[in-house]
Structures are given as structure tokens and as C-alpha cells.
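If you want the building blocks of each chain, they are given just below.
There are 2 protein chains.
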Amino acid sequence: AVPTEVDSYHSLFPLEPLPPPNRIQKSSNFGYITSCYKAVNSKDDLPYCLRRIHALVFAYDFHAGGETVMSRHFNDPNADAYFTKRKWGQHDGPLPRQHAGLLPESLIWAYIVQLSSALRTIHTAGLACRVMDPTKILITGKTRLRVNCVGVFDVLTFDNSQNNNPLALMAQYQQADLISLGKVVLALACNSLAGIQRENLQKAMELVTINYSSDLKNLILYLLTDQNRMRSVNDIMPMIGARFYTQLDAAQMRNDVIEEDLAKEVQNGRLFRLLAKLGTINERPEFQKDPTWSETGDRYLLKLFRDHLFHQVTEAGAPWIDLSHIISCLNKLDAGVPEKISLISRDEKSVLVVTYSDLKRCFENTFQELMAAANKNERGSS
Amino acid sequence: AVPTEVDSYHSLFPLEPLPPPNRIQKSSNFGYITSCYKAVNSKDDLPYCLRRIHALVFAYDFHAGGETVMSRHFNDPNADAYFTKRKWGQHDGPLPRQHAGLLPESLIWAYIVQLSSALRTIHTAGLACRVMDPTKILITGKTRLRVNCVGVFDVLTFDNSQNNNPLALMAQYQQADLISLGKVVLALACNSLAGIQRENLQKAMELVTINYSSDLKNLILYLLTDQNRMRSVNDIMPMIGARFYTQLDAAQMRNDVIEEDLAKEVQNGRLFRLLAKLGTINERPEFQKDPTWSETGDRYLLKLFRDHLFHQVTEAGAPWIDLSHIISCLNKLDAGVPEKISLISRDEKSVLVVTYSDLKRCFENTFQELMAAANKNERGSS
Numbered sequence: 001a002v003p004t005e006v007d008s009y010h011s012l013f014p015l016e017p018l019p020p021p022n023r024i025q026k027s028s029n030f031g032y033i034t035s036c037y038k039a040v041n042s043k044d045d046l047p048y049c050l051r052r053i054h055a056l057v058f059a060y061d062f063h064a065g066g067e068t069v070m071s072r073h074f075n076d077p078n079a080d081a082y083f084t085k086r087k088w089g090q091h092d093g094p095l096p097r098q099h100a101g102l103l104p105e106s107l108i109w110a111y112i113v114q115l116s117s118a119l120r121t122i123h124t125a126g127l128a129c130r131v132m133d134p135t136k137i138l139i140t141g142k143t144r145l146r147v148n149c150v151g152v153f154d155v156l157t158f159d160n161s162q163n164n165n166p167l168a169l170m171a172q173y174q175q176a177d178l179i180s181l182g183k184v185v186l187a188l189a190c191n192s193l194a195g196i197q198r199e200n201l202q203k204a205m206e207l208v209t210i211n212y213s214s215d216l217k218n219l220i221l222y223l224l225t226d227q228n229r230m231r232s233v234n235d236i237m238p239m240i241g242a243r244f245y246t247q248l249d250a251a252q253m254r255n256d257v258i259e260e261d262l263a264k265e266v267q268n269g270r271l272f273r274l275l276a277k278l279g280t281i282n283e284r285p286e287f288q289k290d291p292t293w294s295e296t297g298d299r300y301l302l303k304l305f306r307d308h309l310f311h312q313v314t315e316a317g318a319p320w321i322d323l324s325h326i327i328s329c330l331n332k333l334d335a336g337v338p339e340k341i342s343l344i345s346r347d348e349k350s351v352l353v354v355t356y357s358d359l360k361r362c363f364e365n366t367f368q369e370l371m372a373a374a375n376k377n378e379r380g381s382s
Numbered sequence: 001a002v003p004t005e006v007d008s009y010h011s012l013f014p015l016e017p018l019p020p021p022n023r024i025q026k027s028s029n030f031g032y033i034t035s036c037y038k039a040v041n042s043k044d045d046l047p048y049c050l051r052r053i054h055a056l057v058f059a060y061d062f063h064a065g066g067e068t069v070m071s072r073h074f075n076d077p078n079a080d081a082y083f084t085k086r087k088w089g090q091h092d093g094p095l096p097r098q099h100a101g102l103l104p105e106s107l108i109w110a111y112i113v114q115l116s117s118a119l120r121t122i123h124t125a126g127l128a129c130r131v132m133d134p135t136k137i138l139i140t141g142k143t144r145l146r147v148n149c150v151g152v153f154d155v156l157t158f159d160n161s162q163n164n165n166p167l168a169l170m171a172q173y174q175q176a177d178l179i180s181l182g183k184v185v186l187a188l189a190c191n192s193l194a195g196i197q198r199e200n201l202q203k204a205m206e207l208v209t210i211n212y213s214s215d216l217k218n219l220i221l222y223l224l225t226d227q228n229r230m231r232s233v234n235d236i237m238p239m240i241g242a243r244f245y246t247q248l249d250a251a252q253m254r255n256d257v258i259e260e261d262l263a264k265e266v267q268n269g270r271l272f273r274l275l276a277k278l279g280t281i282n283e284r285p286e287f288q289k290d291p292t293w294s295e296t297g298d299r300y301l302l303k304l305f306r307d308h309l310f311h312q313v314t315e316a317g318a319p320w321i322d323l324s325h326i327i328s329c330l331n332k333l334d335a336g337v338p339e340k341i342s343l344i345s346r347d348e349k350s351v352l353v354v355t356y357s358d359l360k361r362c363f364e365n366t367f368q369e370l371m372a373a374a375n376k377n378e379r380g381s382s
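Chains as they are written, first to last, in full-length UniProt numbering: chain A, 1 to 382; chain B, 1 to 382.
This is chain A alone, in the form it adopts within the complex (with noise of 0.2 angstroms):
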């Protein structure tokens, strides 16, 4: 029973299972039901992620194969053994380990390093963000984080009867983002929602204590004990310290690497569009009148690449298909570089050599006698 639209949004899709009315559904999702959707804006044709609470909706953006760090780390029900067992009088099962079951804690610092800065923004702006929840915070990639639904809470329980100033509860809701923020990085450090339960807490600790650096167990003891004076994001700078360097390193390396990838695709980019120019011109039916434009002139010499580009063949007859011989042949014409081609006539016959400068000169200006009777067309019509 999905909407066909809503408002300006159309083509909407579950992202989640429809919600049958469980405590838990609705005790994390605002104390209401809530349905989130992939939709797409009828305004700019973006993809958009709709959550749906009752009749209020609330647009994010959308990010394809985001996924919860609820369900990336907190969906192996063994994984809350540990701490569940001993209530039934269990013996302790072996201590789980980092590596061996445990996260490894560079990636919960690479987590804290990003949900610190989202908090640190947040803060820094005098609001509060309300959602630092495992269920609310996606990951693309591999270590992304985005926290989704902020603003919710704001909306939801906007109170403007009372004459109250909304934003005089802010230092009280920021304090409990950063208690949130805790109990986020206790249960990754335990790898279990369980560990951040009171009756687990000691438990939780000597796990942290074991397992982890000093650093990581201060930041936990910081965020989620009593403290004599306000919490502030800033004060968990110094205990990532120089993780910061290796957060960095690691975003401008992944950098590097992905815009080397973009180098090289955007040479797809380029040969695509090369081909799709070179497929306007071949084999065109008929063109000012003229039905054999196509294989006359400047096109015959281009009819002839692309029989050189596409259709080699071996000694013995065989196609011989080979990708980079079409990309070669391709970025040859688009530098037209002085080297000598032999165009072979299907009759074999002749054999016309040319240059592939020459053959840009004839590649451009046939394209652009297209685009002219093209945009001439359009012109006149208009």
C-alpha cells in the first residue's frame, strides 16, 4: 500500500520493511510509527529519502546502498551472548576479542572522528542534533558516515503554546547528544546493543578495558559518567589525538585513488561520445536529399575507420575483438595525430591512406554539417 505520490514526490520505494506496530519499532523511530521511502522529486527528477511519520513527511538526501550501522554491526544476535547469557546463571562464555569478533579500533575511531565532527558542527550552530542512534546513522562505503533524521525531534515536538523560547532546552539536549555519542561507541566497542545496558555497564567496560587503547576507554568513562562541569565535543580532541592524522591521511589517500579512477573514466566519458558522434554520421539513410551521404566524400573515408575500428579480422577470417585496439584507433582521431592509417574498401581493391589528422578534419566537419541542418531544423520551426 504504497502512495503512487505524495506531495511533489513520485516513483516511491521502501527502504524499510512496511512497519508492523511493534514497541521497538516505535520506541526508535520518535514514539511513532514511521516509514521511510526512496521517492523522486517531480521538481529537479533527484532521488530523495521520504520518512513518513503519520501525516508529516520529511525529505532527506536519498544515498544508494546506505545502510544503518544498526544493521551493518548490530543484526548477529550471538554477538549479544556476552552480556545476555549471564542473566540466566550461564557460565561466561570466552571473552570476545578485537579482531575475533570485536571491531577493530581504527574503525571505531574512524566512526567517533566522524560522529564528533557531525555533533561538533551541530553544536557549534547552537542546536542539538537528538538522533545520534545506531538505527539513524548510515554508512555508505565502507566507513561513510551521514546521521539521518536530524531535525525530526525539532519538528516534532515544537512547542510554541507555551511562549517558550525552543532553542532554551538546546545545552540540556546537547549534553544528551554527547551521552547518546557514548552509548553509540560503547555498544561498537562491545559490538553489541546489550553492553549499553545498565546492568551491563561494569561488564561492558572490562570488555573495553581488555580490548581496547586507554584513549578509547577515557572517551567512553568521559561521555557517559558524571561529569562536574557540561560536556563539550571539544573535549574529545585530545583523546583522538593523533588518530586525527590517520583519519586524514586515510580520506586524502582514498582521495587520490578515487580521482585517478576519475582520470580514467573520464577518458570513457570522451571515447563515448566520439562513438556516438562517429554512429550519427555511419550508415545515415539518407541526408539532404542525398541517400548515399553516407558512404560519399569525407563520410566514405569515416564509413572506412569504422570498418577498421569495429570489424578486424585474423589471417584466417576470424573476428579479432580487442577493446583497446577501438580505444587506441579513438584517441588517435580525437588528438588527430600525424600517423599514417590504411583504409581498406570492403572490396579490398583500394587502399587509401590517410592521416588521422586528416581524418579528424573530415570527423568534425561532417558532424558539423549534421549539427547545422540540425539546429537549422530547429530554428525553423520555432
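FYI, nobody ran anything at the bench for these hints, they're computed from the structure. Mixed in with the good hints, there may be bad ones.
Copies of the same chain look alike in the list, so a pair counts if it works inside one copy or between any two.
Unchecked claim - Calculated lysine-lysine pairs in the DSS-like style (CA-CA distance at most 30 angstroms, straight line):
(1) K264 x K332
(2) K360 x K264
(3) K264 x K43
(4) K332 x K43
(5) K264 x K142
(6) K349 x K289
(7) K38 x K360
(8) K217 x K203
(9) K332 x K38
(10) K376 x K349
(11) K289 x K217
(12) K376 x K360
(13) K142 x K340
(14) K203 x K349
We have chain A already, so just place chain B on it with the hints.
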């Protein structure tokens, strides 16, 4: 007089003007005449940056489009005027100001974070950089830095005869690295190499005090004034402070942007390969002794699809050239959607209505047929 080949490198291309042997050029190049080339390694076909020192050649990764900090920031002789004119008894000009001649502080911090990160990596490995100099720091893109010529001094000054441990002097070299970093930062803040000359230091520090944050000033003072204890790159971190977040956010934001670009461009690669495959099928002169192969059966549909892709005309018969039509049709072909498409024969006497899913099947079968013939021949001839 560029050699055509050096060791396994060929296609040498000078990256710097060939050396006029003057004092400055020599002193900023390890005391030797050096020259720098782009060259291709015949073993891996990758481009490298070669630095030739007399008979020695060092090979580094080649970064296309890179320039040095020297050429980007210290190439304007007027920028030195504030410092150099005073020497001739002239009245001080107007004080240079940030953004009006001087570099923005955020850029300087972006450089500090990267250069200190490089030193941190090198020092943590128990080594020293020894070439922290504007002529050897490369900028690629807008602000990405790389330190060039690392290791040259270690090789040039290696002294085996004394039976000294070459690592004994590392602590001293590391201290020198940090002083060099201080000089680079001060020069950047003054936007002038004249600022780091001993007689201008006081004036340079005044300039920094007036234009930049106390963190930047303290960083320079820490690096350039005598310290009671050994300097360490880690001591810089508190002065960088929250700027780590800024840098990291910027790097991650940039990641997001180029990843999105990459996602778009990857589509081009896919589309290019589709067109290349279609090209190998359409108008193939003869295959399996059948001269009409490309005109009959499945291939006939693909020929009409090619016409549909490339040879659209308006009602008036003018060419209708629209890359988005080509892309959209190719995407539907690639996805094999059930949508129907009307393919019109060239004599306009028959219309074939097929789905893209049918076309995809034809396309894949036909290409498989070509590949099978190509592979069979390869096996036969080997």
C-alpha cells in the same frame, strides 16, 4: 640534449628548463646540478618523475599537473617588496593583509596539516625528511601536497668509510626538519621568501601577529625559536586543534563529490563498451562465410536499433541529434527492460515491435557468437 633512454626509462621529457648552472639553482638542489624528467618505465609502462644528479638518477611517482610551492606561491618579485625595500632606506609600503596579497589562513593550515603529517610518518619510521623546501614540495589539484626528493640526501651524504651508523644523526636531522617546516610556514604567511631571512624575522613575525591567529604565530615561534628540549612533530597538534575537523570534513566532502563524479563516469565506461560491442556487430562485412550475417536474423534487429539510436530525424527530415536519447536507449538495452520499442525498416514498409529485453538477448547472443569465433581461432592458432 635529452637522452632517449636511461636504464629502463624511455620517452624522457624535461620537467624543468635544462639547468643554467648558477649558484641558486645549485644550492637548492643538494649542492649539485640536477635535472628533472618525466619518463616512461618500459617494465610497467607507467610514467615516472626522474631526478638526475650527475650520474645518479632517482625515480619518483609522476604526478601530472603538479607544481611546486615555490612556483605557486613565491614567484611574484613584488611580494618581497615589503621586506626588501626597507633595506634601501625607503619608507615601508602598506602592510600586506590576509586575502589582499597574503594567503588565507585556512590554506596555510591545510598545508601545515599535510606537511606535519608527512614529517610525522617519516619521523615515526626513525628517519628524517631533509628536503622540506618550497622548491621540493609539490602541489597537485588545489591544495594537495607531496614532498619530492625524499631520500636524496640520505644517498648523497651516505658515508660508509667512517663506519658510522648512518642513523646516528637522525635525531639532529629531525630537528632540522621541524625548523625547515617553520621556515616554510613563515614564508607562506609572509607570502615571501624574504621574510625568513634572519634580518627580516622580527618584521615577519609582526606581519603574522597582525594578520593571523595566535595558534599560527605560536606554531611558528615553537618551530623557529630555540627550545629547551627537543622539538617533536606531535607538539604541533594542540595548535592545529579543531582545524583537524575542518581538514577532515573538507577531505571527506571532496571524496563525496568525486565519488559522485566517478559514479557518473563509470556509466560512461559501461555505455562506451556497449557502443563498441554494437559496432563490432553492425555492418560487419562477412562472418562465418555469410556476407549477409549482419543484415539478417537477430542482427537485423540490432541494425534497426542502431538506426533508431543514431539516425533519428525530425518530421521535416532534419537530423535530430540528442545524446540523451542515445544514452537512454542504451541504458534500456543494458537493463533489458520490458518496455517496447518500434523499429522501422529503412524502406519504412515494415515496423517491428520488440521489447528492450528481446533486443538485449539478441545483442548478447550475437556478441557471444563473435567472441566464440574469435576465441576458437585463437586456440586453433596457438
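Quick rundown of the hints versus the structure:
1. Proximity of K264 and K332 under a CA criterion of 30 angstroms is satisfied in both settings, with 16 angstroms inside one chain copy and 25 angstroms between copies.
2. Taking the shortest alpha-carbon separations for K360 and K264, both the intra-copy value of 22 angstroms and the inter-copy value of 27 angstroms come in at or below 30 angstroms.
3. For the homomeric pair K264 and K43, the shortest alpha-carbon distance between copies (21 angstroms) is at most 30 angstroms, but the shortest distance inside one copy (33 angstroms) is not.
4. Proximity of K332 and K43 under a CA criterion of 30 angstroms is satisfied inter-copy only: 23 angstroms between copies versus 42 angstroms inside one chain copy.
5. Proximity of K264 to K142 under the C-alpha cut-off of 30 angstroms is found in both arrangements, the shortest distances being 22 angstroms within a copy and 19 angstroms between copies.
6. In this assembly of identical chains, the alpha carbons of K349 and K289 lie at most 30 angstroms apart whether taken from the same copy (29 angstroms) or from different copies (19 angstroms).
7. For the identical chains of this complex, K38 and K360 are inter-copy neighbours only, at 28 angstroms across copies versus 45 angstroms inside a copy, given an alpha-carbon limit of 30 angstroms.
8. Proximity of K217 and K203 under a CA criterion of 30 angstroms is satisfied intra-copy only: 13 angstroms inside one chain copy versus 47 angstroms between copies.
9. Proximity of K332 to K38 under the C-alpha cut-off of 30 angstroms is restricted to the inter-copy arrangement: shortest distance 21 angstroms between copies versus 44 angstroms within a copy.
10. In this assembly of identical chains, K376 and K349 lie within 30 angstroms of each other by CA distance solely across copies; the values are 29 angstroms between and 39 angstroms within a copy.
11. Proximity of K289 and K217 under a CA criterion of 30 angstroms is satisfied in neither setting, with 81 angstroms inside one chain copy and 76 angstroms between copies.
12. Taking the shortest Cα distances, K376 and K360 sit within 30 angstroms of each other inside one copy (24 angstroms), while across copies they are farther apart (35 angstroms).
13. Proximity of K142 and K340 under a CA criterion of 30 angstroms is satisfied in neither setting, with 48 angstroms inside one chain copy and 39 angstroms between copies.
14. Taking CA atoms no more than 30 angstroms apart as the test, K203 paired with K349 passes in neither setting, with 87 angstroms inside one copy and 81 angstroms between copies.
Going through the hint list in order, the structure does not satisfy hints 11, 13, 14.
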